[in-house]
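Participant: Here is how the chains run, residue by residue.
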Amino acid sequence: MSVLELHGVHKLFGDNHVLKGVDLDVDEHEVVVVIGASGSGKSTLMRTINLIERVDDGRILLSGDDITDPAVDVDKVRARIGVVFQHFNLFPHMRVIDNVTLAARKVHGTPADVARDRAVGLLEKFGLGEKVEDYPDRLSGGQQQRVAIVRAILTDPELLLLDEITSALDPMLVGEVLDLVRDLKAQGSTMLMATHEMSFARSVADRIVFMHGGRPLEVGTPEQIFGDPQHPETREFLARITHR
Amino acid sequence: MTDRAADAAGAADATEAWEPSALELERRLTRKRASRRSVLIALVSTVAFAAIAGWLVLSSPGWADVQQAFFNPEVAKDSFPKILEGLWLNIRVLFFATIAVAVVATLLAVMRSLRGPVWFPLRALATGYTDLFRGLPVLIVLYLVGFGIPALNPENRISVAVLGTIGITLCYSAYVAEVLRAGMEAVHPSQRIAARSLGLSHAKTLRLVVIPQALRKVVPALMNDFVSMQKDVGLISVLGAVDAVRAAQIATASTYNFTPYVVAGLLFVAMSFPMIRLTDHVSARMAKREQIGGTV
Ligand SMILES: Nc1ncnc2c1ncn2[C@@H]1O[C@H](COP(=O)(O)OP(=O)(O)OP(=O)(O)O)[C@@H](O)[C@H]1O
Ligand SMILES: [Mg+2]
Numbered sequence: 001m002s003v004l005e006l007h008g009v010h011k012l013f014g015d016n017h018v019l020k021g022v023d024l025d026v027d028e029h030e031v032v033v034v035i036g037a038s039g040s041g042k043s044t045l046m047r048t049i050n051l052i053e054r055v056d057d058g059r060i061l062l063s064g065d066d067i068t069d070p071a072v073d074v075d076k077v078r079a080r081i082g083v084v085f086q087h088f089n090l091f092p093h094m095r096v097i098d099n100v101t102l103a104a105r106k107v108h109g110t111p112a113d114v115a116r117d118r119a120v121g122l123l124e125k126f127g128l129g130e131k132v133e134d135y136p137d138r139l140s141g142g143q144q145q146r147v148a149i150v151r152a153i154l155t156d157p158e159l160l161l162l163d164e165i166t167s168a169l170d171p172m173l174v175g176e177v178l179d180l181v182r183d184l185k186a187q188g189s190t191m192l193m194a195t196h197e198m199s200f201a202r203s204v205a206d207r208i209v210f211m212h213g214g215r216p217l218e219v220g221t222p223e224q225i226f227g228d229p230q231h232p233e234t235r236e237f238l239a240r241i242t243h244r
Numbered sequence: 001m002t003d004r005a006a007d008a009a010g011a012a013d014a015t016e017a018w019e020p021s022a023l024e025l026e027r028r029l030t031r032k033r034a035s036r037r038s039v040l041i042a043l044v045s046t047v048a049f050a051a052i053a054g055w056l057v058l059s060s061p062g063w064a065d066v067q068q069a070f071f072n073p074e075v076a077k078d079s080f081p082k083i084l085e086g087l088w089l090n091i092r093v094l095f096f097a098t099i100a101v102a103v104v105a106t107l108l109a110v111m112r113s114l115r116g117p118v119w120f121p122l123r124a125l126a127t128g129y130t131d132l133f134r135g136l137p138v139l140i141v142l143y144l145v146g147f148g149i150p151a152l153n154p155e156n157r158i159s160v161a162v163l164g165t166i167g168i169t170l171c172y173s174a175y176v177a178e179v180l181r182a183g184m185e186a187v188h189p190s191q192r193i194a195a196r197s198l199g200l201s202h203a204k205t206l207r208l209v210v211i212p213q214a215l216r217k218v219v220p221a222l223m224n225d226f227v228s229m230q231k232d233v234g235l236i237s238v239l240g241a242v243d244a245v246r247a248a249q250i251a252t253a254s255t256y257n258f259t260p261y262v263v264a265g266l267l268f269v270a271m272s273f274p275m276i277r278l279t280d281h282v283s284a285r286m287a288k289r290e291q292i293g294g295t296v
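Residue numbers (my numbering), protein chains in the order written: chain A, 1 to 244; chain B, 1 to 296.
Please keep in mind that the hints were generated in silico from the structure rather than gathered at the bench. All C-beta atoms, glycine included, are put in the ideal place defined by N, C-alpha and C. Hints may contain errors.
As the list claims (entries may be wrong) - In silico EDC-like cross-links for lysine to aspartate or glutamate, where the CA-CA straight-line distance does not exceed 20 angstroms: (1) B:K204 - B:E185; (2) B:K217 - B:E178; (3) A:K185 - A:D156; (4) B:K32 - A:D56; (5) A:K106 - A:D56; (6) A:K185 - A:E130; (7) B:K32 - A:D73; (8) A:K185 - A:D98; (9) B:K231 - B:D280; (10) B:K288 - A:D156; (11) B:K32 - A:D69; (12) A:K131 - A:D98.
Unchecked claim - Label-pair distances were calculated between CB atoms; the ranges are: (13) B:L114 - A:D65: 33 to 39 angstroms; (14) A:D170 - B:R28: 42 to 48 angstroms; (15) B:A102 - A:D179: 53 to 59 angstroms; (16) A:A239 - B:A102: 28 to 34 angstroms; (17) A:H196 - B:I41: 54 to 60 angstroms; (18) B:P212 - A:Q187: 24 to 30 angstroms; (19) A:T242 - B:I41: 57 to 63 angstroms; (20) A:D170 - B:A287: 55 to 61 angstroms; (21) B:L114 - A:S203: 51 to 57 angstroms; (22) B:L40 - A:R80: 30 to 36 angstroms; (23) A:D27 - B:I52: 39 to 45 angstroms; (24) B:I52 - A:G39: 54 to 60 angstroms; (25) A:D65 - B:I99: 57 to 63 angstroms; (26) A:S167 - B:A287: 25 to 31 angstroms.
Please build the complete structure, drawing on both the sequences and the hints.
Facilitator: Next up, the structure:
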């Protein structure tokens, strides 16, 4: 069953028609990676799914529920989706453990000790066991971003949205974050992510979506997209990004 | 290959002429209906609330006496011209005090932000000044300036309105300087570093990078201080300046009726109202810009 379905999604910023009828679906346990030139609407796509931007047309279904219906409770929808952005956005006035367990405690009503146990378990698993009681400013960028990912997955969201989670990081730190994403894939998380890391996209994606001209121009397995792209625009984009 | 390019171009053309679908139109209608409904509910509940409150006041036993003493239309009409004349003095005082406060407060804030041991005396002076004048009651400052300075040189009389303006400026500069300084400190240090690393001097960094960002952060707080000052200019009446408050006092003394105070009070409220609404509007707009368009 599809965790996420987009049907003819449009988004305009004034006259700037950014999404021009996007159709897309993400199945359970599937990892879909969105690639495309800067400004092609990858972040906008993520933000409409998280209901931070309101769509101007079309429909988005999360596990079959129409989340673009004006009557839906946006907070409930957002609680079902985990999000990590480019900038870590950890709350600087809270320790790592409080950052990570905030939504579980305050939104999902998980008892504090249950949330804490689970958080400590995950943090240890991802090599952050030492940092549980630290404040975010004591962590490196890669560590902060991994904490942000743990924060997003702690409540077992149906869907994980990752928007360029490595682009604010030093190349040395990219690897540790990407390893975490691979672990999540192995555990069966359902993910939609935007990235400029082509080699990573290739290794982690079940499907690649190439955004161009406001809609997915080409969709396929990494082998198809990287090995035998069908559209000249796709070829041009890949040539540009890989021969820098 | 040319076929595919033509395909893509064709698809692009199709979307240029995009029209909202029936689904989207339905959704817009639903949203409009929901917002109309909330307006209606607000309206009904406000009317009901006002009716109940009004009925409670008008039907209470002492209302006739209260109305006679505080809301007497005759007295209000007779005293109104004089009070309005007095308010014009308040407005002029406010105008000059605002300009003076802007200059003095900026100087104080910059003095307090100077780095380095050479500037210690200036820094200490500014700190001492803000500490002193934030703690002093405005009335004491007005008495000291308004009666103290004329007592020093009785020959050459300065008008009480000018002295009042000076007193208000002395106090409010201290508050506003603190607001500005807090704003400057709230600008992230990396912004200073970025500006200095471009080769900008300390002064240029302050003027071109830090202060513009600081101002944006503190606009609501500054507007709040302005509203507060708008009413505190009424305090110059204690010096004998015939402003709105003093005019009301004179009218009250001759009629033994408190309506003139109510009139003056309402005029002050009316004067501050546009600024209060503007403050709300500016704060809302800034909040919107901070979250870059999203509906969070
Ligand atoms: N809040 C906004 N208001 C107005 N225009 C916006 C807004 N957000 C995005 N845009 C515009 O939408 C377009 C797509 O932006 P988006 O951030 O989705 O691109 P992107 O594919 O994520 O690019 P990048 O790879 O650089 O992150 C751009 O032209 C951008 O200017
Ligand atoms: Mg982006």
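Participant: State for each hint whether it applies.
Facilitator: Here is what the structure says about each hint:
With a CA separation close to 16 angstroms, the supplied pair K204 (chain B) and E185 (chain B) stays within the 20 angstroms bound. Only pairs whose Cα atoms come within 20 angstroms are accepted, and K217 (chain B) paired with E178 (chain B) is accepted, the gap being roughly 13 angstroms. Pair hint K185 (chain A) plus D156 (chain A) holds up; C-alpha atoms about 13 angstroms apart against a cutoff of 20 angstroms. Proximity of K32 (chain B) to D56 (chain A) is assessed by CA-CA distance (about 15 angstroms); at most 20 angstroms being required, the pair is judged to hold.
With a C-alpha separation of about 31 angstroms, the suggested pair K106 (chain A) and D56 (chain A) falls outside the 20 angstroms cut-off, and the hint is violated. With a C-alpha separation of about 24 angstroms, the suggested pair K185 (chain A) and E130 (chain A) falls outside the 20 angstroms cut-off, and the hint is violated. For the proposed pair K32 (chain B) and D73 (chain A), the alpha carbon gap of about 17 angstroms is at most 20 angstroms, so the pair holds. With a CA separation close to 25 angstroms, the supplied pair K185 (chain A) and D98 (chain A) exceeds the 20 angstroms bound.
Using a Cα cut-off of 20 angstroms, the hinted pair K231 (chain B) and D280 (chain B) holds, with the two alpha carbons roughly 18 angstroms apart. Of the supplied pair hints, the one linking K288 (chain B) and D156 (chain A) is violated, its CA atoms being roughly 31 angstroms apart against a limit of 20 angstroms. Proximity of K32 (chain B) to D69 (chain A) is assessed by CA-CA distance (about 13 angstroms); at most 20 angstroms being required, the pair is judged to hold. Taking the CA atoms of K131 (chain A) and D98 (chain A), the gap is about 12 angstroms. The hint holds against a cut of 20 angstroms.
Checked against the hint of 33 to 39 angstroms, the C-beta distance between L114 (chain B) and D65 (chain A) comes to roughly 59 angstroms, which is inconsistent with it. Between D170 (chain A) and R28 (chain B) the CB atoms are about 46 angstroms apart, so this pair conforms to the stated range of 42 to 48 angstroms. Between A102 (chain B) and D179 (chain A) the CB atoms are about 56 angstroms apart, so this pair conforms to the stated range of 53 to 59 angstroms. A hinted range of 28 to 34 angstroms for the beta carbons of A239 (chain A) and A102 (chain B) is inconsistent with their spacing of about 57 angstroms.
At roughly 49 angstroms, the beta carbons of H196 (chain A) and I41 (chain B) sit outside the given window of 54 to 60 angstroms. Distance hint check: the CB atoms of P212 (chain B) and Q187 (chain A) are about 48 angstroms apart, inconsistent with the given range 24 to 30 angstroms. One distance hint, 57 to 63 angstroms for the beta-carbon pair T242 (chain A) and I41 (chain B), holds here, with the actual separation near 58 angstroms. For D170 (chain A) paired with A287 (chain B), a C-beta distance near 33 angstroms fails the hint of 55 to 61 angstroms.
About 55 angstroms separates the C-beta atoms of L114 (chain B) and S203 (chain A), a value consistent with the hinted range of 51 to 57 angstroms. Taken as a hint, the range 30 to 36 angstroms holds for the pair L40 (chain B) and R80 (chain A), whose Cβ atoms sit roughly 33 angstroms apart. For the pair D27 (chain A) and I52 (chain B), the supplied restraint of 39 to 45 angstroms is violated, since their beta-carbon distance comes to about 58 angstroms. The given range of 54 to 60 angstroms is respected by I52 (chain B) and G39 (chain A), whose C-beta atoms sit roughly 57 angstroms from each other.
For D65 (chain A) and I99 (chain B), the Cβ-Cβ distance of about 59 angstroms falls inside the hinted range of 57 to 63 angstroms, so the restraint holds. The hint said 25 to 31 angstroms for the Cβ distance between S167 (chain A) and A287 (chain B), and at roughly 27 angstroms that hint holds.
Checked against the numbered hints given earlier, this structure breaks hints 5, 6, 8, 10, 13, 16, 17, 18, 20 and 23; the rest are met.
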